[in-house]
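Protein chains in written order, with this note's numbering: chain A, 131 to 514; chain B, 40 to 363.
Worth double-checking, as some hints may not be accurate.
The following residues of chain A were derived to be distant from chain B, with all beta-carbon distances above 12 Å [as the list claims (entries may be wrong)]:
{"no.": "1", "residue": "L398"}
{"no.": "2", "residue": "V401"}
{"no.": "3", "residue": "V468"}
Which stretches of chain B does chain A cover? Using the computed rule of at least three CB atoms under 8 Å from a CB of chain A, they are [claimed, not checked]:
{"no.": "4", "stretch": "243 to 253"}
{"no.": "5", "stretch": "269 to 283"}
{"no.": "6", "stretch": "289 to 296"}
{"no.": "7", "stretch": "337 to 351"}
Since the hints were derived computationally from the structure, they do not count as laboratory data.
Backbone N, C-alpha and C fix where the C-beta goes; we use that ideal spot for every residue, glycine too.
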Amino acid sequence: MASSRDDVMELDSFRKGVDHWLDEQEDALAPDHPGLGTLDQQMAQLAKVKRLGYEAGWVRWGWPERVGGLGGSPILRAYLGEALTARDVVEPGVYSMTEVLAPTMIGFARPELAASLVPRLLRGDETWCQGFSEPGTGSNLASLTCRATRTDDGWRVSGQKVWTSYAQYAARCVLLTRTGSQESAHRGITALFIDMDSPGITVRPLQTMHGVDEFSEVFYDDVAVPFERTLGEVDKGWSVAMDLLPYERSTSLWHKGAYLHRKLEHLLAAVPAGALSPAEVGEVVQILYAFRARSRATQYRMAAGDPLGPETSVDKVLVATAEQAVFDLAAAGLAGEVVLGDDGASRRWRSEFLYSRAATIYGGSAEIQRNIIARRILDLGDDR
Amino acid sequence: MIEGHDLELFERSIRQATERHTGAALDAALIELGWQDALAVDRRAAVSVLFALQGSANVTSSALATVVAAGLGLESPAEHGVILPGLGSWAPPAELAGDQLTVGGLGAADLDRRETVLVVAKDPGASGTTLAVTVERSALAVGPVGGLDPALAIAEVSGNGIPFRPIAGEATRGWPEAVALAQMAVAHELIGAARTMLELARDHANNRIQFGQPIGKFQAVRHRLAEALVAIEAADGVLDAAWDIPSPELAAAAKALAGRGARTTARHCQQVLAGIGFTAEHPFHRYFRRILVLDQLFGSARSLTDDLGTRLLASRQLPALLTL
Ligand SMILES: Cc1cc2nc3c(=O)[nH]c(=O)nc-3n(C[C@H](O)[C@H](O)[C@H](O)COP(=O)(O)OP(=O)(O)OC[C@H]3O[C@@H](n4cnc5c(N)ncnc54)[C@H](O)[C@@H]3O)c2cc1C
Chain A
131 MASSRDDVME
141 LDSFRKGVDH
151 WLDEQEDALA
161 PDHPGLGTLD
171 QQMAQLAKVK
181 RLGYEAGWVR
191 WGWPERVGGL
201 GGSPILRAYL
211 GEALTARDVV
221 EPGVYSMTEV
231 LAPTMIGFAR
241 PELAASLVPR
251 LLRGDETWCQ
261 GFSEPGTGSN
271 LASLTCRATR
281 TDDGWRVSGQ
291 KVWTSYAQYA
301 ARCVLLTRTG
311 SQESAHRGIT
321 ALFIDMDSPG
331 ITVRPLQTMH
341 GVDEFSEVFY
351 DDVAVPFERT
361 LGEVDKGWSV
371 AMDLLPYERS
381 TSLWHKGAYL
391 HRKLEHLLAA
401 VPAGALSPAE
411 VGEVVQILYA
421 FRARSRATQY
431 RMAAGDPLGP
441 ETSVDKVLVA
451 TAEQAVFDLA
461 AAGLAGEVVL
471 GDDGASRRWR
481 SEFLYSRAAT
491 IYGGSAEIQR
501 NIIARRILDL
511 GDDR
Chain B
40 MIEGHDLELF
50 ERSIRQATER
60 HTGAALDAAL
70 IELGWQDALA
80 VDRRAAVSVL
90 FALQGSANVT
100 SSALATVVAA
110 GLGLESPAEH
120 GVILPGLGSW
130 APPAELAGDQ
140 LTVGGLGAAD
150 LDRRETVLVV
160 AKDPGASGTT
170 LAVTVERSAL
180 AVGPVGGLDP
190 ALAIAEVSGN
200 GIPFRPIAGE
210 ATRGWPEAVA
220 LAQMAVAHEL
230 IGAARTMLEL
240 ARDHANNRIQ
250 FGQPIGKFQA
260 VRHRLAEALV
270 AIEAADGVLD
280 AAWDIPSPEL
290 AAAAKALAGR
300 GARTTARHCQ
310 QVLAGIGFTA
320 EHPFHRYFRR
330 ILVLDQLFGS
340 ARSLTDDLGT
350 RLLASRQLPA
360 LLTL
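Start from the sequences, fold in the hints, and give me the full structure.
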């Protein structure tokens, strides 16, 4: 069944179509590698799935037509990602960058720029990355120092970013730069869209503790960036970053929930009898239900066009709690595999357990989320 | 369906009733406001609005008995009192062997005002089936009322070999439906109580000055209250989903999360309220008492969680709940 632009795709027919496509194309979509695979293999797999999905149309639903989409509600994207992760076709981490960065481009790039480049991201032709953190700037994003200087024929960017996920694969980067004085804090930041093959950029991959080396240090040495690559207004990059955060906590979190559900299924099937107590299993499953119920409501709110705001910090706290709870349970139930095992399945559990420790760090740490909840939802005033 | 403006009016009138009345007076007000009619028309609106507000205002009514009877499919659910399962349990509160009815469960304050009481009994003869009967209130032995939350007036109820009448002419649905509906009602009440505890602590954090500033400026205090809100929203999210996608698993999970979430909320709020919250004149303790008792009705966080885990470990399958 080929999807056509003229349809107004409702979730139910979309679901049927996607499920049918996934069944039919099972072999073509399956990873070429066994198990988790290397990051190179994961990235190649993601590109393949996006290309096949784009050609069949499924990947284009839920995105506006002006960027190569077929229109329809974003809830269609939530379902597609759920179906792909639930079948172990893609890893939710690598898949999530599209959900985070495409909306930013759609919201803030010049329309021609978005129209020409977003389709490449959706189709899997390109990987993009997000350059926010710096050696001196983690949680306190407003302190960033990577500088963009205005010249007659464009910006010149110099500085350093760190922990930039997938930078070593990326063709483009959404980069936050300092354009005001250092004291201007969040008022003097500008977002730029950068070609990663520009002269002056050096990418140095870092090793991670879970063995999937996803992020890099990136050095910018007098890199030329045309003015038309400015996202949003000059000195208003903060609102670009803030606008992007709720996206980080909506569709891609729903995908993460589907992945965690899948992991718990695997765990229940594999755990030796007697290794886990009923109470600990029950509690972890309830925590996962709680996150999925919350995130499900967020998907419907987004589909209804409601603005997403600080309340998505609750979703983020719940997903991080659920992810760590699921993998704590796995590490307890499959201690032999996680601690000693050296076969592919064991290495995968170990790597994913270790990766789950980052869930309370990236995308705004657990503490930063609680700060947001206290200030903006509970209205406890400024904390200083 | 009660929607839009009607829902607002309905909610406002129930709010006024719960702010002014409790016990028999609240029951009377609910009759006047047509809450029982609302229950027949729109279960979700009637249950969620009343129980959340009842929890918020720390008042009592006999609505839980009505909800159980409505869950069983009775045509006039407010007619009788209802025997609730024992502490932490959701099993039918009676057993029927031959023509011998043995009752062992809990009763609430409204029992005193009833002449007949609805009892759901296990029928050991036919495995898994239950039978709904009525008994005379006077035939039951009711234990002393007091304990942790005297205002709720939960008491142990028992009876051995007492006369009963099967409920004739009414197609009664099963006990599991009644349990699920009751779990959702009590979960709303727990969440309502937890939200009020959080509101009390939040106000206190904004107004109490120590070290020259409101204590709500201290991050340790802020994070405790944020933690409470997350626990409340976690339970409320599953409860909403249980209305959207009716399933006994979601109702039980919502009840467990509400019980645990209310305890988490109480722990953090009590710490923030500190000395003033430890006095009998501050309302906090009444909410704390209430949630500890409500946690025990129709399965506690502990017993429901244990049961869920036991079933999952036995089946080794995770039900595909909460799809889009
Ligand atoms: C796997 C992974 C992938 C990542 N990918 C990217 C990426 O693609 N792009 C990118 O830009 N960045 C990325 N990051 C970086 C991530 O965004 C930062 O690690 C995060 O913002 C925290 O910054 P930090 O590590 O400097 O910790 P810090 O900000 O130094 O914080 C250290 C500790 O102090 C706490 N803390 C800090 N400030 C406060 C406060 N105000 N109140 C209470 N506690 C506080 C933090 O919660 C934390 O526990 C990634 C990180 C990881 C682990």
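Requested in this report: Could you tell me which of the hints above the structure violates, numbers in ascending order?
Outcome: Of the numbered hints given earlier, those the structure breaks are 1 and 2, listed in rising order.
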